[in-house]
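Protein chains in written order, with the working numbering: chain R, 21 to 352; chain G, 3 to 143; chain A, 2 to 320.
One or more of the hints may lead you astray.
[As the list claims (entries may be wrong)] To list a few chain A residues with every Cβ distance to chain G over 12 Å, as calculated:
| no. | residue |
| --- | --- |
| 1 | Glu30 |
| 2 | Val119 |
| 3 | Leu134 |
| 4 | Val204 |
| 5 | Pro303 |
| 6 | Ala305 |
[Stated by the list, open to error] Now the stretches of chain R that chain A is said to cover, found in silico as 3 or more residues with beta-carbon under 8 Å:
| no. | segment |
| --- | --- |
| 7 | 167-177 |
| 8 | 327-335 |
Calculated from the structure, these hints are not laboratory results. Positions of the beta carbon are idealized from the N, C-alpha and C atoms, including for glycine.
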Amino acid sequence: MKKISKEDMNRFIQSLLSDYTVYAPVNIDGIFSFKPITNFQGIDLNYQNSKKPPKEIFFPQSETMFEYEKGKVTSAEKVSRKRILLGIRPCDAKANLLLDNVFAGEDYQDVYYINKRENTIIIGLGCRRPLSTCFCTSFGGSPFSRDGLDILLIDIGNKYIVDVVTDKGKEILTDKFTEASEEEVKLAEKIKRETEKRIKSEVKIEGVKEKLDTMFESPFWDKLSERCLRCAVCSYLCPTCHCFDIADEAKDSQGRRIRNWDSCMFPLFTLQTSGHNPRPTDKERMRQRVMHKFNYFIGNYKRAACVGCGRCILNCPVNIDIRKVLKEILTS
Amino acid sequence: MREKEPKILAFLCNWCSYAGADLAGVSRIQYPPNVRVIRVPCSSRINPLFILKALQQGIDGVLVAGCHPGDCHYISGNYVARRKFAIIKSLLEYIGVEKDRVQFAWISAAEGARFAQVIKKVTEKVRRLGPIEKLVKTRGI
Amino acid sequence: MQEVQRKIREKARNLLLAGSVDFVIGFEEGALLLRASPVFIHKENDVEKLIWDSFCENNLAAYLTKIGNKRVAVVAKGCDSRSIVALIVEGQIKREQIVVIGIPCQGMIDRRRIEKEVEGEILEVKEKSDEILVKGDSFEKVFKKEDYLYPSCRTCKHHNPVISDILIGKEVKERAQVDEYAEVDEYEKKSVDERWDYFNKEVNKCIRCYACRQACPMCYCEECFVDNSYPRWLEKGLDSSDLAVWHIIRAYHQAGRCVDCGSCERACPMEINLRFLTKKINKEVKNYFNFKTGLDFAIPPPLATFNVEDRQDFIDSGE
Chain R
21 MKKISKEDMN RFIQSLLSDY TVYAPVNIDG IFSFKPITNF QGIDLNYQNS
71 KKPPKEIFFP QSETMFEYEK GKVTSAEKVS RKRILLGIRP CDAKANLLLD
121 NVFAGEDYQD VYYINKRENT IIIGLGCRRP LSTCFCTSFG GSPFSRDGLD
171 ILLIDIGNKY IVDVVTDKGK EILTDKFTEA SEEEVKLAEK IKRETEKRIK
221 SEVKIEGVKE KLDTMFESPF WDKLSERCLR CAVCSYLCPT CHCFDIADEA
271 KDSQGRRIRN WDSCMFPLFT LQTSGHNPRP TDKERMRQRV MHKFNYFIGN
321 YKRAACVGCG RCILNCPVNI DIRKVLKEIL TS
Chain G
3 MREKEPKILA FLCNWCSYAG ADLAGVSRIQ YPPNVRVIRV PCSSRINPLF
53 ILKALQQGID GVLVAGCHPG DCHYISGNYV ARRKFAIIKS LLEYIGVEKD
103 RVQFAWISAA EGARFAQVIK KVTEKVRRLG PIEKLVKTRG I
Chain A
2 MQEVQRKIRE KARNLLLAGS VDFVIGFEEG ALLLRASPVF IHKENDVEKL
52 IWDSFCENNL AAYLTKIGNK RVAVVAKGCD SRSIVALIVE GQIKREQIVV
102 IGIPCQGMID RRRIEKEVEG EILEVKEKSD EILVKGDSFE KVFKKEDYLY
152 PSCRTCKHHN PVISDILIGK EVKERAQVDE YAEVDEYEKK SVDERWDYFN
202 KEVNKCIRCY ACRQACPMCY CEECFVDNSY PRWLEKGLDS SDLAVWHIIR
252 AYHQAGRCVD CGSCERACPM EINLRFLTKK INKEVKNYFN FKTGLDFAIP
302 PPLATFNVED RQDFIDSGE
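Just chain R, same shape as in the assembly (with noise of 0.2 Å):
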């Protein structure tokens, strides 16, 4: 394991900014962001979790994916700077993984995120003060989990415990991060094994698909649905949700085709040219989205579309918890 200081940490960033393009956590007016940083000071670490997840910056809210100009077109799909994201906490690096699955999987690679994904390097910030929110521990996960990370940061008071994961993270290394001692590192663990036993929320997954198959015309549905707003909150703000719209933009000879985020809890979302709407009511797209994440994801990639980032909980209008919900599903 390696360490370096806050402050050599600090000068670290700046070097990066020559040559790469470093997202990073930045306050705005109290809601943190990920977004690409000019100056270290502009980072701030001092927090929970962003309110959008990152995977904004493989797969963005809006995004170009060519522009055509009189015949001529122009692809957008490659980044024209190799890209750092930093201070990722182990759900969200999780979650990439498993938008993997979607986006660079077997059936089909999408040449947009394949491109971001490759040429970002991930350097993730374990997590010292989970929430009662948290439960990245029910899905395999862990505050100080490695997974889908190239370097994880243990942050033990003044300096950072450095876990480099990759070979990929291995390269950016500077001669400033030195081999930590035997105890900085028995205090990175003892602080690893401190922070999961606070993780409080317990959910259990096992066994809600295999109930989920048997549930599809229940009418625990209806229930469910009766509070639901049908906005994209949780959509949007989960770190694993893909489900996305392509437009075009066009006007005379020109214009672009555009990528941008969809929800399932939109009416329009399977709204047919004929006017039929499969999921005509809250109930069917209350359904889909529960379905979709803990039954057909698992159905087809062996693991739920959740990382307990607890997102949803804390931001839905109407306060459902999804951790309820699994709950109910399991007990119904």
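Mind docking chains G and A on chain R? Use the hints.
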């Protein structure tokens, strides 16, 4: 280099202001060529989205003209429209869009000379503001 | 509060037992602290779920446009009751369908402000008659309720429901002197570019989740203008210009319909200052058309009518 000429879009109601524009035309009264006209049946046909979409597309100034109150071909169209216009105009001004970008006028079918005068006035005001930047959509549309 | 809560449960039980309503829409305890969650009670055994506290921040009238022909009882604060009147005036629901359980409201607590003023997560909350006590791992703090109300509650002039079939709780003294539009007036003093900068900064936080639209009782269009594809008014992405138009037109569509309940602001995950637009709309509607939403069944919505003497100083009429 010559400054870019402002583009003005005028929504004219068929029965009064469009007829007024026609009268200016047959009377050979000159007015600035910056204006493009869209004819609508009545000023109440105007949806504020028309105005916003025009600004988004880079139109530098929008004029909406209808019949004088009391003269509407559809009796009360311009009365209802007047309320809509009041709201959208104060909202746009409030958020910081220059107030001369969106203007309203009552022009009757007999007011050919006045139509030309209004166009001159509107064009001048918009020219002084310069090309529009706020609300413009940078790509596509 | 406890007494109000008890009475809500009692009345709900009676209504359900008597078969006067198909279900009751109220609030139950939230999954999180400092929250309450809307709940639909269908059976009299479930009325014990109903609560009433200073976290009942949603406007339950938003659910009334999807009840079809059902008969429904709904818990309504002052602002919510005005939304109900507005929905009836616009023909979206019938008066006979609704049993309004009116609750005079002291104002709802701005949970975001409280959360921002403590160091760390809040793990315990106790509500007293005029204080909120919060505790975390390393702190314990007391907040005076009236200092931490939502901005919309601080300038509210209609704490008491304007209609109700059942009225529960003591009447609250209305603050007739408060200037609801003081902030709008302040804002209008800024320069054109300052106003644009602020507006642009706020709307660029938007992620087009439409939580504001869905939380608003008056946004009930089956197809919202943003979903129109022919004509395509707006694109669906995060282009700055589209974000601006979305917010401008949503505010415009609220003219004569918004009751300033603040649900839009509270629902927005990005904490955009949405009411700064709708407050301006409400101010103009009041000053020009002498109209305030949801106070009178007999007055038609202002944009559906006109007055020959309406203001036209902004129109060039050649005079």
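Do the hints match the structure? See the list:
no., hint, result
1, Glu30, "holds (40 Å)"
2, Val119, "holds (34 Å)"
3, Leu134, "holds (41 Å)"
4, Val204, "violated (9 Å)"
5, Pro303, "violated (7 Å)"
6, Ala305, "violated (8 Å)"
7, 167-177, "violated (count 0)"
8, 327-335, "holds (count 3)"
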